[in-house]
Each structure stands twice: as structure tokens, then as C-alpha cells.
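As given, the protein sequences belong to chains A and B, one line each in that order.
First residue of the first sequence? That's 546 in my numbering, and the numbers climb one at a time after it.
First residue of the second sequence? That's 19 in my numbering, and the numbers climb one at a time after it.
Worth flagging that the hints you see were computed from the coordinates, not collected in a lab.
As the structure is a computational prediction, the values presented were derived from the model and not from experiment.
Every residue, glycine too, gets a C-beta built ideally from N, C-alpha and C.
Don't take every hint at face value.
Okay, the calculated beta carbon distance ranges per label pair [unchecked claim]:
(1) A:V746 / B:V89: 34 to 40 Å
(2) A:F757 / B:E31: 36 to 42 Å
(3) A:F757 / B:Y113: 49 to 55 Å
Listed next, the stretches of chain B that the computed footprint assigns to chain A, with coverage defined by at least 3 CB atoms under 8 Å from CB atoms of chain A [said to hold, decoys possible]:
(4) 21-30
(5) 33-43
(6) 69-81
So you can see what is in the structure, the chains are spelled out below.
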Amino acid sequence: MKKILISILLVITTFAARSQLEVQVGASKTELKNNAIRLGITYLQSLDSVFGVEHFIPGKKSFFLITPELDIQTGTEDAFSSIVVKASGLFSTFKTTTVAGLLTPDFNKTFHVFPISLGIESNNSFNNINGVFEAGWIPYYQSYGRSSPDWIKKTNIGIFLQAGYKFNIDTAGSNDIGGEIDESLESIDKGILRAKGSAQVNTGQIINIAGFRIGIVGDADVWYDLINSAVYHKLQGELRVFLTDEQYLSFVYSYGSGAPLFNTAEQIGVGVSIKF
Amino acid sequence: MAENKINFENLTENMFTKLEGFNNEGVDIELTTIHNEVLSKSDGFKGVGDSASLYKGGIYWTIWANGGNKVTWPANWLTLSVQELADIIISKQKYPTT
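The shape of chain B in the complex, shown without the other chains:
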């Protein structure tokens, strides 16, 4: 099994960076930030490229590219905080035994 580089610290740092990119309201980005304070499923252009979908795609790709296990996010993930969503993702990661 390839090395899974994902841990809580580097995952949340990446979530912070992605959220800052969509942060048009100047919200303070921290572990307790609720995703829908920054993201929306209806702010895309012509119904495409909304911030929520792009953020999700970006974090999914980050996990995949670094050996992580793909985790289906809960339907209400936009109402979760950064910490709550990161906890769910990390809880479903598998790491090679040495």
C-alpha cells in the first residue's frame, strides 16, 4: 500500500488555504469556521464552478494525490466546521502497517 501522507494537521492547512481562496467576505478562517460561511453551491457562473464544488474537488484531489483514502462527505458537510469535516475524513484513512 502506498504511503498515506494525510494527517489532521496538513489536511486542515490545505482546507484553510482553499477556503481563503473563496473568502470574498473576509471571514476568519480557523478550525471552528463553518464551511457555508465561506462557500456556496449557488455562487457559480451559469450554474457551474460554484465555490463548494471546487473546494470539494480540490480537497478530494489533494487526498488522492497524497495516498489518502477517498471518503464520501456527508450530505450536510457545508454546515460542518473545518475541524468536524477533517475529523470525519481522518477517521476513515488507512495507514500501512510497518
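With the rest of the complex left out, here is chain A:
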């Protein structure tokens, strides 16, 4: 696992100069009261900025964008862990308007974003690996060109359908504890089929106290396992203290780990997020 993480970090470093990299490092207090290091790496990159490949496909009142994505949430001991690597695309449909004589998407009216992705999700021990295809719908109503209340513009909702396969990995000798335990009912060497609903509130830098700007982010994800008739959840509350526009301290409470383990443990953490 360490060799894999080092390899991934070397790849990220190579692309960092051309891409946007967000690193989150913090300490977490897990349910078993063990001190752990929570390392989250969110790596965002635009396909054409690195590989020079065309990734925009226009249509009548629509367009399609393609971007790869790497998201790692891991840590030592029994901290929550997940690794998600996927190729993703974004299909958008919209009404049009005319600005300065040009026909253009009218983002001041609600438009629709349909994300699709194909990839793998795993824990940091790589003894739980799922191949997953996901399609979803996210309405975009948050334009600041609209007259709707500001609080609505700080929310997001979406629904998704996930289908895939849970691979059989040799787990001999592994001894998962606490937040590393797979608590899903999804069986090895079987298909995966889930419906997911997500909601988020992100206040941004809403309060200014003694020169520090503070914001709150609340996330809720609920999955319905259509094969096993089970419900999984991940709830997360985060208090952000912004040091600069690109750096903040975060205080995080998580209830549930999300995919692929759907562990129901609680985790409390403190971290620093820096964007390069």
C-alpha cells in the first residue's frame, strides 16, 4: 500500500504544475479512540490541459465535457479509507438566450447537469475493490444572476444510479478493525446496484471573527442497495476557518464512511486544506 501511495503521489507531483491539486492533511479521532492521520487528496485535472486531447462535444442546447478524477481518503490504523479513480463526463442541457447578438446558454435559468463516470472504488488496503459505473442528475439553480434568495444558492442536490461489480480480492492475513470494516451487504464476486441521493449546504466564508473568515459545510449522502434492500449513509459536518482564500483549517465530524465499506462508525478530525 505504501508503494502504491508513493507511486500515486509521484504521478500527482508530475501533473501538479499543469493542474489544480488540493491536499488535505489532518488528525482524526476514530471510534476506537486511536490517533490516526487522515490524508485526503483531491486531484482535479482537465484532460486537455495535460494530454492535449479534445474533450468538449457540443450539441443542440447541450454539451459534453470529459475529465478524469482521482480522490483518495485514507489514513493509518482504523481511519475511514476510500480511494476513487474514475474517468468522468458531464453532459449539460440548457435553455438559450442572446447576449450581445450571440446565441448562448442561459445559465440564469435552471439548467441540468448529468454526470457520468466509470472507475474503481477501494479501501486503502486494496482488499475491497469495486468497479462502478455511475450516472446522475444535478439541477443547477444557483446562478447569482437570478433573483432567488441567497441561501438557496448555497445548496446542492443530486440523485445518482450506480452499477458495478465487487471483485474477489485475497484477504488472507488482513485484520480490519474499526473504520476499516466492510459493513455493506454487497457480496464479493457479485454485482452492485445502488441509488444515491445527495445534498449539501456550503455557506462559503460567511462569518468574519477577529479577521478570520468562517464557513460551514454540511454533506448528506444516502444509498439504497437495490440488490440487498439495505440503506447506507454518510453524514458530514465541517467547520472551516479560512486562513486565506485558498487555505483553511477544517474541523470535521463524519458519521458513516460511504463507499465502498459503508462503515457506520463515527470519526472526528482536524485538518488543513491547501490548494496549489
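Following the hints, position chain B against chain A.
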């Protein structure tokens, strides 16, 4: 060749309009505004629909729908001003000869 309606003035007006839609910080939108003062690649929901990608898609579509030539934006386009990016796009447009 179909008529290319894109010019610096109408392109930048469309860029201003799109930027205002993502302007949650109340930044003054003008030719010297740097894109990353308004846009971000990490403000999407569940890693999707970030303001930078939607803005780019919106401007790409506007250029395509009005007979313009598709231009691959530089990797550092978020650090460019509205004027700098518009200059790059316009410099690569082709217009039918009469």
C-alpha cells in the same frame, strides 16, 4: 464557410455574463478580472459541475453556435484575465473572405 459572428466585444460581453452567474463573492467583473477570482475547479457538487468547467463549456458552446472556431484554452487559463483569454480566442478565429 459559415459566418463567424465572434468578435472581441461580443465575446467579452458573454464572458462577463457567464462570470456574473458564478460570482458569489461580488467581484467586479471587467476586462482585467482574473478568472480564478470568480471561478474554481473544486466548487462543484460531488466533484461535478464546478464553476470553471461550466463557464468553459458555456463559452465553448457560444463560440461553436455562432460559427466560431474551437480553440483549446491554455492550461493556465484560470490565471488569465478576461481580456487575455479573449485575445487568445480571437487570435485563432478565421473569418470568411468576401
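Here's how the hints hold up against the structure:
1. A:V746 / B:V89: 34 to 40 Å: Roughly 37 Å apart at Cβ, these two residues keep to the hinted range, so it holds.
2. A:F757 / B:E31: 36 to 42 Å: Given range 36 to 42 Å: holds, Cβ gap about 38 Å.
3. A:F757 / B:Y113: 49 to 55 Å: Given range 49 to 55 Å: holds, Cβ gap about 52 Å.
4. 21-30: Holds: 5 residues of the region 21-30 of chain B have a Cβ under 8 Å from chain A.
5. 33-43: holds (count 8)
6. 69-81: Holds, because 8 residues of the region 69-81 of chain B bring their Cβ atoms closer than 8 Å to Cβ atoms of chain A.
Going through the hint list in order, the structure satisfies each hint without exception.
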